[in-house]
Amino acid sequence: MSDRDIKKATRHVNQNEGLIFERSSPGKKAYRLAPLDVPAIDPRKLLGAAVREDLGNMPEVSEMEIIRHFTRMSTWNYAIDLGMYPLGSCTMKYNARVNEVVARLRGLAEAHPYQPERISQGALRIMKTLADCLLDITGMDAITLQPAAGAHGEMTGILLMKAYLSSMGNPRKKILIPDSAHGTNPATAAICGYAVENLKSNAQGMVDISALASQMNEDIAGLMLTNPNTLGIFEHEIAKIADILHQKGGLLYMDGANMNALVGKTRPGDFGVDVMHLNLHKTFSTPHGGGGPGSGPVACKKILERFLPKPTILEKPDGTLGFDYNRPDSVGRVRMFYGNFGMHVRALAYIMANGYDGLRQTTEDAVLNANYIRKMLESDYTLPYNSGSMHEVVFSDQRQAQKGVKTGDIAKRLIDYGFHPYTVSFPLVVPGALMIEPTESESLEELDLFIDAMKAIAREAADDPELVRNAPHSTRVSRLDETAAARKPVLRWKPQAKSVSE
Amino acid sequence: MSDRDIKKATRHVNQNEGLIFERSSPGKKAYRLAPLDVPAIDPRKLLGAAVREDLGNMPEVSEMEIIRHFTRMSTWNYAIDLGMYPLGSCTMKYNARVNEVVARLRGLAEAHPYQPERISQGALRIMKTLADCLLDITGMDAITLQPAAGAHGEMTGILLMKAYLSSMGNPRKKILIPDSAHGTNPATAAICGYAVENLKSNAQGMVDISALASQMNEDIAGLMLTNPNTLGIFEHEIAKIADILHQKGGLLYMDGANMNALVGKTRPGDFGVDVMHLNLHKTFSTPHGGGGPGSGPVACKKILERFLPKPTILEKPDGTLGFDYNRPDSVGRVRMFYGNFGMHVRALAYIMANGYDGLRQTTEDAVLNANYIRKMLESDYTLPYNSGSMHEVVFSDQRQAQKGVKTGDIAKRLIDYGFHPYTVSFPLVVPGALMIEPTESESLEELDLFIDAMKAIAREAADDPELVRNAPHSTRVSRLDETAAARKPVLRWKPQAKSVSE
Amino acid sequence: MRYLPKSPSDREQMLREIGCKSIDELFEPIPEQYRLYRDLKVPRQMAESEVVDYFRERSETNAAGYAVFLGAGAYHHYRPVVIDSLISRGEFFTAYTPYQPEIAQGTLQAIFEFQTMVCELTGMEVANASMYDGSTGAAEALMMACRVTGRKSAVAARTVHPEYREVIHTYVQHQGLPVAECGYLENGRVDMADLEKKITDDTACVLIQSPNFFGTIEDVAAVADLAHSKGALLAVSIAEALSLGIVRPPTEADIVSMESQSFGVPLGFGGPYAGVLATKEKFVRQMPGRLVGETHDRNGKRGFVLTLATREQHIRREKATSNICTNQALIATMATIYMTVYGREGLKELAGQNLAKAAYAAGEFAKKGKVLFPGAPRFNEFVVQTQEDPHDINNRLLEKRIIGGFTLSKFYPELGNASLWCCTEMNTKGEIDTAAKAVGR
Amino acid sequence: MRYLPKSPSDREQMLREIGCKSIDELFEPIPEQYRLYRDLKVPRQMAESEVVDYFRERSETNAAGYAVFLGAGAYHHYRPVVIDSLISRGEFFTAYTPYQPEIAQGTLQAIFEFQTMVCELTGMEVANASMYDGSTGAAEALMMACRVTGRKSAVAARTVHPEYREVIHTYVQHQGLPVAECGYLENGRVDMADLEKKITDDTACVLIQSPNFFGTIEDVAAVADLAHSKGALLAVSIAEALSLGIVRPPTEADIVSMESQSFGVPLGFGGPYAGVLATKEKFVRQMPGRLVGETHDRNGKRGFVLTLATREQHIRREKATSNICTNQALIATMATIYMTVYGREGLKELAGQNLAKAAYAAGEFAKKGKVLFPGAPRFNEFVVQTQEDPHDINNRLLEKRIIGGFTLSKFYPELGNASLWCCTEMNTKGEIDTAAKAVGR
Ligand SMILES: Cc1ncc(COP(=O)(O)O)c(C=O)c1O
Ligand SMILES: Cc1ncc(COP(=O)(O)O)c(C=O)c1O
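Chains as they are written, first to last, in the numbering used here: chain A, 30 to 531; chain B, 30 to 531; chain C, 336 to 776; chain D, 336 to 776.
Wrong hints could be hidden among the right ones.
[Claimed, not checked] Heads up, simulated DSSO-like pairs for lysine-lysine below, C-alpha to C-alpha not over 27 angstroms straight-line:
#1 Lys484(A) with Lys636(D)
#2 Lys229(A) with Lys654(C)
#3 Lys683(D) with Lys74(B)
#4 Lys74(B) with Lys764(D)
#5 Lys74(A) with Lys654(C)
[To be verified] Example chain D residues on the side facing chain A (calculated, C-beta under 8 angstroms, incomplete):
#6 Arg337
#7 Ser344
#8 Asp345
#9 Gln348
#10 Lys376
#11 Gln380
#12 Glu385
#13 Val387
#14 Thr396
#15 Ser423
#16 Ala557
Simulated from the structure, these hints should not be mistaken for lab results.
Even for Gly, the Cβ is constructed at its ideal location relative to N, Cα and C.
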C-alpha cells in the first residue's frame, strides 16, 4: 500500500480501554461529600415504599481511573482540533477557546433560569445583543433564540407559518420541499401536520421555476428552501421563487444551515425570505460536541412576529430587560426556559471577536476554500452540476464507481490520509455524492494536503480498488459491522454480556 | 512479532506536524490588541539607537493553527493521564484536576509578589498552612518553601549545614555521598564548595556502617543520604548513621525524593535527620509538566533555623501574616520572591483532599504496589539486593543481558506494550538497573498488565532478542540517533536548515 | 481576523489558481441587487481581552455567588471539576456526530455508557443518546406512545412541570393529539379518580412526573396499573434525576423521559441541558433520537456504531419517528462523567444528603409557614404557603444575597401565597435558617 | 481516598499474593521505635467542594481584581486563553522529562521551538530548555562565565534587580567568586568609569540588566566593548522579556539570562516562572541546563532528543556544569505558546503599546512628582520621586483598589522618596490619571 505517499498522518501507539463497568469494583470511590450540617435522616422512614435500596450496576471507580478512561477514549476521536473536517452541510469551523472561557464565567454558568430578572440583566443583555446582531445579519425583523437546534428551529418556523396562515383563515395542507433538501425538512413538515410535496431541481441544480409555478397553489403553505442549497449552489432566481409563493399567499422558509456562505455578503430578509432558522453550531462556531448541543434561532418578518414562541425579550422603559410572557397569539413554547443560553454566549463571543470585517472575511474565505478545492479536483472527480459553488462543492463518485469504488470507500480511505471524510451520499439528487465543505478555518497547506490525498485516492481507485474498498487501514478498529449492530441491537452493557474485551 | 499478546495498546492514525516556523507566513495573525487609549508614540523617537526594527524569524500564524499545532504535538506524548508511568525515583502519581482549578483562581494567579502584605493574606495563609503540614509530616522544626526544585533544595540544605558549621568555627571540606545517590547530590555538594567523598554500600544495599564510622571525621561536614535509598530500601540503621555523624560534629542531610514511602508512617525528624528537602512535584503530586516546574521545600531542626533563606513567613501578634526579611544569619536568598507559589497551592490542595487518613493510605498503597510487582517479577528478572522494598523495586538485566538484551532495550519494548518505561540504568550501583516505582496511583488491573508485559518481554528476550533490541515498533518515530544529535548539535531551527519534513 | 489561517498572499495565490480577479467574482451567483455593500451592524472586531472583559461584566451583573433555593426543573448541585477538564479536550468537544465510527469510538463508547447508566437508574431496558431537554423529551414520549398504541390522545397530570406541559401542547396539537389534564390531591399526588375519568379508550398514554412539580413522589405503580388496565401506556417524566439515587425507579412505566441537568450540567440560565428517553426493548423501533449499539470489526474487535437509523429523519425523512438530528451529546457525556464520579454509592449518599437538607428545611419552614401536601413522600423540594406574598419575602432575602423559592401563583393560583423551595447539598444550614426566618415575618 | 484506584478486596488479594498478613509487615524495615502510630496533624480529608471553597476564600482575600502598577521583575500582561487550554492537556502537564523521545516528541518539539524563539529574540546562537527563573539564571550565567574564562571574579551593576543580586551572592560566594558592584549615573545607566575601575584581569564577566531595574535601557554595546577590551565576558540579564519586541537585542553580549514571565506566565505571587540562558555556539558545552537537539530516526525521519547531557549532573555528577535537574518545562511551553500567539508582528505592536502607556504615565507623573533618570531611553517602567513618602501615596491608592509603584527606599536609600512604576497594556488611561493625581498631593 502506498503509505509512503501519506504526508499528513502516521500511526502511533494508542491505549486500549474497556467499558467503565468493566473497571468497577465495590469500595472504589471517586467522590467524597462534605459533612452533613443538618440532622441525618432515615430514608426508609421518610420515603417508605418509595425508597431505593440499590443502584444496580452503576460503576464504582476512582478519580484516577475516570481521568484515564475518558482521556484514553478521547484519543480515539478525530476532531477539528486535529485537522480538517470537511463534512458538507456541517460547517465544521474552528471553535475558539475564549468562547469556552466566557461561557464558564461563574455568573453565567451558575445562573438559575428562574432567578429574578433584575439580577439577570447580564444574561438578558447577552441574549438581546445576540438577537440584534442576528437580525442585522439576516435582514429579518424579529427573532427567537429558544430552539435547541436546527431541526427544532425548522419546527418553530413552520409553526409560525401555520399560525399566520390560520390567522388568514386557512393553515393549508402541504409544504413544498426540493429533492435536494436535508432529511430534517420533510420530517419537520410532517411533525407540524403538513404533507410533503416534492419539488424537482433543474439541470443547474436549482429550483425548477416552471415546476414551482405549476405546483404552487392555495393548498400549499409554502416552500422550505436551503440557500445556498445542499449542492452549494445559490438559488439565482430566489426573488422569483419568493414572488411565486407570495402571489399564491404562501410563504418562503429558508433553512439557514448554509449561512456561512452569506454572512455579510447578502441578507435573506432582502431577497424575499419570510422566516428562517440559523444553526449557531455551524455558522457561529459553537462546538458540535460529538453531536450536540446546538442552537437554532428563528428569525422572521414582521407579519410573523406576533406568533413567536414565548417568552420574548423586551426592553423596558427604564432600559432594563425582561421576558414578555403575555403573547396571546404565540405558537407557544418549544422548549422550557429560554433555549441553549450557553450557546448564545459563545455565538456572541464569536461575533465580537470577528466584528463586521471579520465576519465578511470569514464568508469570503469559506467560499474561496470551496472553490479552490473544486478547481483542483474537478479533473479527478465528476462534477454533476457546473453552476458556481459557494461554501461547499459536491462531486459524484461516477468515475470511481466504474471500478467498484464508492463514495463511502473513498471517504474511509481519507481516514488513512489523516482526514475526516466529507459528507457521504447526501444530497440524494446526486448519486454517490461527495459533499465537501472546508469552511474558512483551513489553511492553504491543509487544503493542499487534502487535495493531494483526494488525487492519490483517485489514482488508487484506478490502480488498486481493493485497497480503497478495504480502508481504513490505519485505525484502531477496522470497518465495523453495522448490519450486525442493527440486526440484533446491543444498546447497553450487561454484566453477563461481557464481550470481546480489547 | 507477538503483537497479538499486547493487551493494553494498539496503533491508531496520528497527525503529523512540522515546526511552527514552517507554518509561518507574513500577514497571518493570532492576536489583536485593544485600541490604545493613550497618545500613540514613535518608538524611534523614544528609543533612538535602542529601537528594534525586526523580529527575525518569529512565527506568523493564526489561532486555529496554534491550537492544531500544539494539540497534534501533545498526541505524541505519553503521560500519567494515559497510563502507568513507573519511572523509579520520580513518583509519577495522579495529578488531581482540582489542584489545577484552585491554582488558577484569579486572586492567586494574578497576585503580584510585591503587592502589600495586608492584601496578600490569602497567599500567605496558604504558604503558612502548607509549611505547618510539611513540618508535622517530616517531624522537623522549621522550613523554607523558597527552593524551586529538589536540587535547589539540596543546595539550600547544604548551605544551611555550611552556615551552621561555620558558626561552630569550621565549615569543613567534604560531604559523604553513597554510591547509590542521585547525580544531583554530588553536583550540589560541588556547587556549595564541598569535595565529594564516596561512601560504599554493603551487600544489603544499605550504608556500610563500619565504612561510615571509619570515613567520618572532623573534615566531613556530613552525609547526604536518600532514605529509602534509590534501591527502594529503608536504611535500617538510620539512627546509628545519625549518631556516627553527630558524634563527630557532622550533620545528616536527607534527600526526601522518596518521601512517598514514608508519609504518615514515620518521620525523618524522629530518626535523626538534621535537614532535608521535599519534592512537591513527587510526593505531593504537583505536575511534572514535561520536566518542571517543581518545588523543593527544605525542612530543618531548630539549630539550623536561623540560617534559613530570607524571607521567612511570620505570624504577627494580630494574627495576620507577613514576611520576615530581618534575618542576619540567613544564608541569603536562593530565588527571587518566595518560590514556586503555584506549586505550594497545589500541594496544599493535595494534602487537604487526602487528610491524615488519605496520606497514610497513599503511602501504604505505594509500598503495596511496589512489593506486588517485586513478587510477581522476581522469577523473571534478577533482584540484586534482597532487602525489603519500600515504594520502588530495582531489578537488574543480568539474565536478559546474556542474550544481548539490555535494560534500555526492555524499556523501549515496554513502549510497544503501552507503558512508559521504568528508570533506566540508575542507580549506578546496579549494573543494568530496572528501577520501577509504580506509586499508589495504579490499579490492580494496570499493575497486572504491566507484569504481563514484563513477563512477555522476558520471554521475547530469550526467544527473539532482535525484536526487543529494535523496539519500539509501534511509535511514530523509531529509535532516534542520539549520537548524531550530540556529534553536531542542531539546537535551533534555521530558515535554510529546513530538514526532512514529516 | 485572528482565527483565519490565511495570509493576503495565500488568498491571491488561490484566486489566481481559480482564475478569478477578485473574491467578488465568486459571489456573482448572488443577484447584484441583493449584494450587501455596507458593514453589518455588529460590534467592531474586539481583542480577546475586550471580549473577556465584556462577558465578565455581564457575569458580574448576573447574581454571581448568590445562595439559591430555586429548583423547579433546574437544580443546583456541585459539579466535580473533572467534568469540565475532560469534556474540554478538543477530541470530545470539537468532534461532530460520530458518523465515521473508526475515528469516533471515543464519543460512541461514552454514549453507550450513558445509555447503559440511564437504563440502570431508570429501570428501563433501552435508552437513547439524548433529546434536547426534559420538556421536548416528554412531548416526544407522548408522540411515541401514540405510534406504539395507535391511539390518538393522552392525559397529563397537572403536577407535571408547567413549562413541560406548555411545550407538549405546542408539539402535539399539530398531530391532532388532544391532551387532557388531571388534577392532584391534598397530598400532592395525582387524583386517581379524576385520572380514571379522563382516560378513554383512545388514550395512548398517561404522563406523570415523579418527583412531581411540588417535589412529591408519585405512586407510580398505582398509576401504571390504572393506565395499563385501560390499555394505555404510562410515561414518567423525571426532572430531578438525582432523586433516582434514593427513590425507587419507575420500573412500571413504559417510557421514561429524564432531564439529566442535575448530573453535572451547569444551571447556565436554562441550557444547554440534556433530556433522554428510556423504554422497553419492544418499543425501541418507535423511539426517536440516536442510538449507539455494540458491534465488532473485521477482526472481531469490539466497537460501537450509531444504529437503527431507519427510525431517523436522514433515512426516513417525513416518515421518521422525529425530526431531531443534532442532540445534546456533549451534555450527555458530562452526565456520564458525573454518574461515574458518584457511581453506585455516591449517588445514593448524595441523594440522601438532599433528602436530609430538604427535610430539615421543611421542618424549619413549618414553624412559620404552612408546608403543603403532607402525607406523601418528597425528595428535595416542598411547597410553603405564607401569609405574605412570596415576592415580598424573596425581595427581603435578595438583600441577603439569597434567592428564595419559586412563586407558584402564576401556574397554580388555587394555592394562594405559595412557593416551591428546593434544598440541595449546596444549601448550608445557615442559609436555610436565614430563609426560614424570613418566611415567618 | 478518592484518588486511590483500589478496593479493599484488591488490597487483600495483593497482600495475599505477596504473602503478608497485614500492610504493616511491609513497613518492618522501619525500626519500630520510629514508626508513627498517631494521625498526622494535617486537615481532615475534605470534599472537593470544600477544597475549592477554601482556596476561593483565600483568593478573595488576596487582592483579586485590583489595578496594579507594580513591575520590578514581575509584569502584568494579558494572557491569551489558548495558553491554559493547551498546557492543560494531560499529555503536556502530566508527562515527565522527555527521557524517552519516541513517546515524548510533543514536549521535545515544543522546547526546540522555545530554544529557537529565545535565540531569535535575544540575538544569541543557542538557548537552553529553561532555568528556574531569572535570578538563578543570572547566577548560573556568572558561574558559566568563570568556566569559560577560567577567571574567578565578576562585576555586577547595581541596576540589576536587587533580589537577583541577593541570589547571585548566595550562589557565588561558595565558589570563591567575589562579585564587585558598580554604580549608576544620573541617566540611570551603568557608570562606565566606575565599571572600568572595578574590572580586573581576574574578572570573568560583567553583569548588567537591560532594561535595568529602573526601567532604563542600557548601552549594551558600550559595556560590551569595555568588558571585552579587558578580556571579560558580558552577561546581560533581561527581566522584562517583552522589551525585546521593540528594544534592540543584546547581540554584543556573550551570555543572556532572560526571565520569561512576561510571556504568558501568571504573576502567581512570584512563581513558577521560567528563566532561560542563551549564548554563543562556542560556549554551549559550558552552559548549564537541558538542551533539546534535532536528529533523525532509523528511517531518516526528523525527531528531537535531549542532547549534550555530558554537561549534566546525572552523567557528570560533581563535575557537572550545574546541579539543576527539574527545570520549568511547562512554563517554557507557556512562553512558547505566547510567543507564537503574538509572533513577529504582535510582540512589536504590544511592546509599542507598553512603551506608549509608560511614556504617557511618565508625562502625567512628571506634572506632580519628579521622574528620575532623564536622558536615557526606557521601556515600561520609570522612577518617580515625590515629596510624600510613597507608602502614604500607595495607601491612598489602595482605597481605590489600585496598587501603586514599588517603593525603592529599601534597596536604594540614596533616592529618597522614590518608587518604581510600571505601565503595561493592562493599565487604562483612567487608572493612570487617577494614580498620577494621587502622587501629586
Ligand atoms: C441543511 C441542513 N438543514 C438542517 C439541519 C439540521 O440541523 P440540526 O442538526 O441542528 O438539527 C442540518 C444539519 O446537519 C443541515 O445540514
Ligand atoms: C533521589 C533524587 N534526588 C534528587 C532529585 C532532583 O530533584 P529535582 O529534579 O526536583 O531537582 C531527584 C529527581 O529525579 C531524585 O530522584
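Q | Violated constraints from the hint list, given by number and in increasing order | A | Numbers 5, 9, 10, 13, 14, 15 and 16, in rising order.
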